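Peer 1: Protein chains in written order, with UniProt numbering: chain A, 1 to 446; chain B, 1 to 446.
If you're looking for bench data, these hints aren't it; they were derived computationally from the structure.
A hint or two may mislead.
To spell it out: a stretch of chain A is covered by chain B in this simulated footprint if at least three of its residues, at any positions, have a beta carbon under 8 Å from a beta carbon of chain B; those stretches are [said to hold, decoys possible]:
| no. | region |
| --- | --- |
| 1 | 50-57 |
| 2 | 74-85 |
| 3 | 89-96 |
| 4 | 190-202 |
| 5 | 205-212 |
| 6 | 217-228 |
| 7 | 394-405 |
Example chain B residues on the side facing chain A (calculated, C-beta under 8 Å, incomplete) [stated by the list, open to error]:
| no. | residue |
| --- | --- |
| 8 | G63 |
| 9 | A188 |
| 10 | W238 |
Here the structure is a predicted model, which means the values were calculated and not measured.
Here a beta-carbon is modelled for each residue, glycine too, at the ideal position from N, C-alpha and C.
Residue-level listing of the chains:
There are 2 protein chains.
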Amino acid sequence: MSSQAYAGEALGHFLAASRWADIPPALRHEAVRSLLNHLGCALGVARDPAVTTALEVMAGFSGAPVATVIGQGRKLDAMSAAFVNCIAGNLLDYDDTHLRTVIHPAAPVAPPLLALAEQRGHSGTEVLHAFLLGMEVECRIGNAVSPGHYDRGWHITSTCGVFGAAAGCAKLLGLTATQAWHALGIAASQSAGLVENLPSAAKNVGMGNAARHGLLAALLAEAGYEATPAAIEGPLGWARAMGDMPQVAEITSGLGERWEIARTTYKPYSAGIVFHAVIDACLQLRAELDVPPEAIAAVTVAGDALLLARGDRAVRTERDARVSIHHNAALGLLRGRAGVADFGMPAVLDPALVALRARVTAALDASLPRGAARVTVRLADGRERVATVLQARGSEARPMSDAELAAKFRDNAALGGFADRADAALDALWALETAPEIGGLMALLT
Amino acid sequence: MSSQAYAGEALGHFLAASRWADIPPALRHEAVRSLLNHLGCALGVARDPAVTTALEVMAGFSGAPVATVIGQGRKLDAMSAAFVNCIAGNLLDYDDTHLRTVIHPAAPVAPPLLALAEQRGHSGTEVLHAFLLGMEVECRIGNAVSPGHYDRGWHITSTCGVFGAAAGCAKLLGLTATQAWHALGIAASQSAGLVENLPSAAKNVGMGNAARHGLLAALLAEAGYEATPAAIEGPLGWARAMGDMPQVAEITSGLGERWEIARTTYKPYSAGIVFHAVIDACLQLRAELDVPPEAIAAVTVAGDALLLARGDRAVRTERDARVSIHHNAALGLLRGRAGVADFGMPAVLDPALVALRARVTAALDASLPRGAARVTVRLADGRERVATVLQARGSEARPMSDAELAAKFRDNAALGGFADRADAALDALWALETAPEIGGLMALLT
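Pulled out of the complex, with its shape left as it was, chain A reads as follows (with noise of 0.2 Å):
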């Protein structure tokens, strides 16, 4: 890739150049995963009113109704379905992460290549090819700027997302290496969204933001729109105006050789990334001593330094029952599960949820890894059992399998109302490469 002097240019020759039976097959299958377990998020989410709302005010301003909103019965323009599916897809930050980044990858860059493909006719596999193009060069411009750039302000998987969504486009649609290079620099004015706003539904707009000005971007380089060669990292351009200290090689070094996508994770439990060890500790514990929750006197949940500023928390909202080691650690024990309903309302004021809360005490414990968590559970007949977790389950170390992201596929479609379609649409789904069209597949998610 030493030939071209621009990042995009890179990019843009990567994209154009690229070829599926090029790709490895383990990261083949990892697209099949990752298009899954996003659709799932999408499917659990659906009569969420963030996502009713956005597709009400997007279906006044759509065009002729050719791609499906996921779980809604009704279409839209390919831009606006792109804008609906994206904000379902993240609703609850329960899709994949890329750790390094913190960024969402799948969200962003599946909903605009589905609705083209829906649209125009494109096959399984140059959906999923395009998909996986699409996310590495999203989390590669974000390697370029974190930990700065979200530490800043900037929600990363907006504001990285739509050169995702514009990568992924701009392959599918065939563009040119050149064009490519136009549809990232017009990403590169579009790029937006803010961590002020992640409490809120503001957030939801500047993710689906992120996918329809990808395929935006995309198009209007198909007609003929430029960018200028340094969108990207040029002295008045996106890396230094979004982040403190870019570092600009990140973008392109061992493209197409080493896969930042191949370092995707997949959230088992819908709660923040870094209570997933203090759930398993808790998951493994339960099972050990299996007791009545009065038996429990007290938890004692010790983790770093990020996990304490992030969970030790007072639980009011289903917001901070997500991030609660409290709340966390007594679904673990309580429930043994910590799927979404757990985090609703009804979650949040369960009394008996409530009383082990109560019991539960964070401790720091400098000595533990980011990501890890020891807990120790001590009981009223005065026995005391401690687990210790290293690698969460879902971490790059303790991958989901097919059989655990499937299983979760069927939660997220039973809480959407969909449990009767849920294996035919993962049948559809482990087909996919060898699918000519995508209409089938899409048809089972309406």
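Put chain B on the given structure of chain A with help from the hints.
Peer 2: Chain B alone, transformed into the frame defined by chain A:
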């Protein structure tokens, strides 16, 4: 305004509480002048491929055609029409300028308001009122982050334009103070656009998005979407992410008493604003000397460091011409004008202009204030004549008259091929404050 703790809250209250009758008459008239200037600029470039390409791409993603696309003989939905019309209004930077921030205030704000009003039947006064308030919010937010924001790479008309559009749309839709506050917070998560991309069509995308996203923000807030209270000034919010030393108090200081938008200026010439004094001085010398161009032996243009940094350059493209000391001086002396056509490729290549440009020398005179110029012409017979312009025509000190703005509008209309409708459109614009709806005006601009 001191009872509101947040910047967005104060602005939301200001928007909801403002009454047209309370606004000084001179400022109300300024809203008409600003709209007239904006619409003329949009008419002038109606046939530019940058505008027609944007129209073609958006036409595939537009709902019912209810809003006029200026000079195109067709309509789109309000969001798409706002996108295209904003691009047209600002395409050549020939529109209005708020000098303190270098924001072009009208282009992102007017298009969504005209589109909404055309669709929903709002009156001329309602449009003008929302337009004025939107631009005021836009410039005040720009003040808070200037000049560091632009220097960091942010195209301030795009990044602040989305707030102006959101504010204007919030007013026109009759949102409550709280809803308007949310609309501004949602706008913060949509703020984007890079200086690096200004020499390319990607600039247009940032502009068009500012206009349609302001509308989207207001519609989402109307439908119940919320933002974080401190989306603008919070620790991980807009001002800190996008500005190095934001002065948030500038947003609300004297709100409703001191009007930033009263300081908007309009351009009599289609050149970068720092070249206007050069043109003025040359026009003056041209009238005094009344000699053929071959009688001019040498021209020296003196100005401050900014003028020289921006304008002492070779002229190869239309863009070069618009920011060239040599071209602008030659135009003033040779053609006695500096309209849009005087910066096209035929002018760049015109042998008479090429020859005269070669006789122009730029010279630093640090004693001259910003925006001033001194031009010395030496004739072949040895005579020398000097003209110094401290305040260019169109500056705050020498504003363009209504008649001059009308003449500029007619020139622009003729450029776009609409000379026959210019006077009727001008009549409708000057009478807009009494128009019960704006359909008649929009029909003249189709």
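Peer 1: For each hint, tell me whether it holds in the structure or not.
Peer 2: Hints, one by one, checked against the model:
| no. | hint | verdict |
| --- | --- | --- |
| 1 | 50-57 | holds (count 5) |
| 2 | 74-85 | holds (count 4) |
| 3 | 89-96 | violated (count 0) |
| 4 | 190-202 | holds (count 13) |
| 5 | 205-212 | holds (count 3) |
| 6 | 217-228 | holds (count 9) |
| 7 | 394-405 | violated (count 0) |
| 8 | G63 | holds, 5 Å |
| 9 | A188 | holds, 6 Å |
| 10 | W238 | holds, 6 Å |
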